[in-house]
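Participant: Whole structure, please, built from the sequences with the hints as guidance.
So in the working numbering, spot 44 of the sequence shown is number 44, and the numbers just go up one at a time.
All clues given are correct.
Here are the simulated lysine to aspartate or glutamate pairs, DMTMM-like style, with alpha carbons at most 20 Å apart:
(1) Lys-73 <-> Glu-12
(2) Lys-74 <-> Glu-29
(3) Lys-74 <-> Glu-12
(4) Lys-73 <-> Glu-9
(5) Lys-73 <-> Asp-25
(6) Lys-74 <-> Asp-25
(7) Lys-73 <-> Glu-29
(8) Lys-74 <-> Glu-9
I should point out that these hints are in silico values taken from the structure, not numbers from a laboratory.
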Amino acid sequence: RWASRLTLEITEIRVERVQAISGRDCIAEGGEHETRTSDVTLWGRYRNLWDSLNAKRGYGWDTNPWVWAITFKKVPA
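Facilitator: Right, here's the structure in full:
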């Protein structure tokens, strides 16, 4: 830890299908957020991102794979 610039504490771990992601979770995953963006639009953007990273490996959005959803918080130094 002495060399770490950032320390994270895991606060929650759950297993869910990738298509069960909420709009809020899409934003937490790095999705763009606009005040007028609907959950449907957020899911569409996240689906495109997911497929760009995982579809070639056989884990595309349409296969709805199981994923680990890990929530964490930053621990002050």
